[in-house]
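These protein sequence lines map, in sequence, to chains P and R.
Taking the working numbering, the leading residue of the first sequence gets 1, the next gets one more, and so forth.
Taking the working numbering, the leading residue of the second sequence gets 1001, the next gets one more, and so forth.
Errors might be hidden in some of the hints.
To be verified - Listed next, the in silico PhoX-like pairs over lysine-lysine satisfying Cα-Cα at most 25 Å (straight line):
no., chain 1, residue 1, chain 2, residue 2
1, P, K41, P, K144
2, P, K295, P, K314
3, R, K1159, R, K1229
4, R, K1252, R, K1234
5, P, K18, R, K1239
6, R, K1211, R, K1229
7, R, K1274, P, K45
8, R, K1264, R, K1028
9, R, K1182, R, K1159
10, R, K1264, R, K1141
11, R, K1211, R, K1141
12, R, K1264, R, K1274
13, P, K192, P, K295
14, P, K248, P, K192
15, P, K366, P, K376
16, P, K299, P, K376
17, R, K1159, R, K1234
18, P, K41, R, K1182
19, R, K1264, P, K18
20, R, K1141, P, K45
21, R, K1141, R, K1244
22, R, K1142, R, K1211
23, R, K1229, R, K1240
24, R, K1182, P, K192
25, P, K45, R, K1240
26, R, K1159, P, K18
27, R, K1028, R, K1234
28, P, K41, R, K1263
29, P, K366, P, K299
30, R, K1211, P, K41
If you're looking for bench data, these hints aren't it; they were derived computationally from the structure.
For clarity, every value in this text was computed on a predicted model and none was experimentally measured.
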Amino acid sequence: MSARLMQGNEAIAEGALKAGVRFFGGYPITPSTEIAESLAKMLPKVGGTFVQMEDEIASMGVILGASLAGKKVLTASSGPGISLKQELIGYAAAAEIPAVIVNVQRVGPSTGQPTAPSQGDVMQARWGTHGDHSIIVLSPWSVKEAFEIAVKAVNYAERFRTPVILLTDEIVGHLRENVELPTDIEVYPRRKPKISRAEGYQPFTPDQDLVPNVANFGEGYRIHVTGLIHDDTGFPSGSPKITREQIKRMHDKISRAEDEIIEVHQEFMDDAEFAVISFGGTARTAYEAVLNARKRGIKVGFVRLITIFPFADKIIRQISKNLRGILVAELNFGQIVYEVERAAQCPVKLCAKYDMTIFEPEEIEKSIDELILEVK
Amino acid sequence: MRSYENFFRQNRLPHLWCPGCGNGIVMKAIVQAIEKNPDFNQDNTVIVSGIGCSSRASGYMDFDTLHTAHGRAIPFATGVKLANPALNVIVITGDGDCTAIGGNHFIHGCRRNVDLTVVLFNNNIYGMTGGQASPMTPLGKKATTAPYGSVDRPFDACKLAEAAGATYVARSTAFHVQHLIKTIEDGLNNRGFSFIEALVQCPTAYGRRNKMGDPAKMMAWMRDNAVMKNSWDKLPDDKKIGDKFPIGLFFKAESESYDESYKKVQEIAGGAAK
């Protein structure tokens, strides 16, 4: 495929399609709408289905129903819409339904500053729905990576039977870059039952990787799916033991594969005394700031979280042992910085911005200089 | 064993409903209607429910079953149907589930005319949470959240469904069992959004508080006050008073279902064969 000019949101739609997504339910909201618009055009061309729902709650409900009926599914939204989706993101976690939810972040809370860029939904992505649950959150920094991460998000949703949040921002969503999309793509197929009903199949019996092979509706397994805590049969259980085991298993199925899921982009770390940690669109500016600082002789490294959750505790702890200080640059009042503080064994400083505008490299550079002074 | 019993998960019975509850009658009527329809079997039919007393029915029924979140059964069901139009999809919901928290999904489900059959078990109250007023609690009736009688004007869910675009709209009751089965059967045959309101007695959370007597008395009330649509239409307005209410088929229209319409979109886009 030859290179073409493409927007981040379009790349997400392309990636989802390549990963096998055949169903999208959504509701318009800037700056995510291009994902819906692209898929409205593309899905029926490949026999897929696009449906515009009455609200964001229904958009979540419709994709979860479609997922249970055997389709790979995606929805996309921003701030207020993502808040509405939270109820059924929890349902997807509890009922172990594969689904990808794209959040193209804008300034909040509430209607906020439509539709200026922000990264203020980091903790919502992790903890937005109620109750103990695990979740996978991925964040791209370029148009090409938006495509790749869309593929990954769909694959993880299918492999772990979990909701996956593709946490991007207005910067990457509306960014246009000339990209050549990869053609060699690995696609994780829908999991299938390994035994028949007659052989004693239970839909929520975990496989060796702790993920159940839930049958699709219409395949003759006559399964029951509920948001109530259930046992292997899929039916609700009032047992404390089952409740404990199921909640733990649903965490463990993801944490056991953490080393595979967690991806961190590191550069200039060999001789680094300091590091800038960032993610998403902000990482583009942070990268330039790091290059500029190094030109001035500052031994600063670049660390970019591609996987936001599960959080890269081990990696941050390890790299921090050789550092004198870490600067966390994020386009919010301070969110991921607390995760970094928890893991790091060196001083951590926040470089925050929450005024509708993106970082200038100089702003991050200035913070690097301040950090150096502070730790002296 | 009676033939309809094959449609239940025997190991999940007995059900959790209170003695005298009408939900079991409607659940049984649904499987009896399914039994009469050669296009419906246990492997090509999905039962989707919301949250509440009525919505527990899905767990007892031996099909692929989906017990969703409060008010959200219709969006989930829409997803199942559009993802695999070969499946028959039936929604079980309640008056609170369908017309309060799920009200928006309900009217848009009707408007879209997806091929679903929605059966609303109307017990006039929130039963599962102990008797709070719903949007279908009649004026003046008492509830834990309306201790002096409800002043909230209730919905007529059938009128709502018709106005919103449903293509089959009917009402029956737990007393009129044969009529109820036939009503659901006709709904299953309609290719589009079918809505059936089934009035059920809730002696525990509604009848007791409103001094409506035991379950048999509540059913006798249905017998005495339900008027078949044909007779209702002939009644002068001064006779349509008190507790009298109409049952039967209110509306039927031929209109292409959403799933059929979307097939055309796929044909235009060139993806129909894929």
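- request: Given the hint that K1264/R pairs with K1274/R, test it: the Cα-Cα distance must not exceed 25 Å.
  value: holds (13 Å)
- prompt: Between K1264/R and K18/P, does the CA-CA distance stay at or below 25 Å?
  reply: Status holds; Cα separation ~23 Å.
- prompt: Hey, K1159/R versus K1229/R, does the alpha-carbon distance stay inside 25 Å?
  reply: Distance ~13 Å between K1159/R and K1229/R Cα, so the pair holds.
message: Next pair to validate is K299/P with K376/P; report whether the Cα-Cα distance is within 25 Å.
response: Holds - the C-alpha atoms of K376/P and K299/P are around 14 Å apart, at most 25 Å.
- prompt: CA of K366/P to CA of K376/P, is that 25 Å or under?
  reply: holds (16 Å)
query: When you check the alpha-carbon spacing of K41/P and K1182/R, does it fall within 25 Å?
result: violated (42 Å)
message: Does K1240/R sit within 25 Å of K45/P, going by the straight-line distance between their CA atoms?
response: violated (54 Å)
- request: Take a quick look at whether K1182/R and K1159/R sit within 25 Å of each other, Cα to Cα.
  value: holds (20 Å)
query: Does K1141/R lie within 25 Å of K1211/R when you go C-alpha to C-alpha?
result: The given pair, whose Cα atoms are some 10 Å apart, holds under the 25 Å limit.
field: Holds or violated: K1028/R to K1234/R, with C-alpha atoms at most 25 Å apart
entry: violated (32 Å)
- prompt: Holds or violated: are the alpha carbons of K295/P and K314/P at most 25 Å from each other?
  reply: violated (30 Å)
- request: Given the hint that K1159/R pairs with K18/P, test it: the Cα-Cα distance must not exceed 25 Å.
  value: Status violated; Cα separation ~45 Å.
Comparing the model with each earlier hint shows violations of hints 2, 5, 6, 8, 10, 13, 18, 20, 24, 25, 26, 27 and 30; every other hint is respected.
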